[in-house]
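Build the full structure now, drawing on both the sequences and the hints.
Numbering (the UniProt record's numbering), first residue to last: 1 to 106.
Don't take each hint at face value.
[Unchecked claim] Cβ-Cβ distance ranges computed for the label pairs, FRET-style:
id : residue 1 : residue 2 : range
1  : K58       : F7        : 29 to 35 Å
2  : S60       : S33       : 30 to 36 Å
3  : G4        : G47       : 22 to 28 Å
4  : T89       : E13       : 30 to 36 Å
No lab work stands behind these hints, which were simulated from the structure alone.
For glycine and all other residues, C-beta sits at the position ideal for the given N, C-alpha and C.
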Amino acid sequence: SIYGKQFKDENFELKHKKFSLSMANAGKDSNGSQFFITTAETPWLDGGHVVFGKVLNKASKKVVKKIEFFGSKEGNPKAKIVIEKCTCTPVEIAKVEKGSSPSPTH
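This is the structure in structure tokens:
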């Protein structure tokens, strides 16, 4: 990561809803550059992984669902998946209510 090998958890205010982006880690304060996207509500991850964003539009959600098809229970993909282009859209959030997900203001 840009912060060195690992960095501390920021907060656990946002919950793991469908299409959340969340930090992968190996335990408390062990965040790096890996992340995952949830395809269902995953409340058992709350308090252990930091949610930092979400998939915003219908087309992007469709892509995530297609990628999900190539997953397995063991965690090994059934085929090689390559994301060639990705866009990040900054959103302004005045206040995030506990348990909610971020949403764009425009």
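Outcome of the hint check:
no.	hint	in the structure
1	K58 to F7: 29 to 35 Å	33 Å, holds
2	S60 to S33: 30 to 36 Å	21 Å, violated
3	G4 to G47: 22 to 28 Å	24 Å, holds
4	T89 to E13: 30 to 36 Å	20 Å, violated
Against the hints set out earlier in the document, violations occur for numbers 2 and 4.
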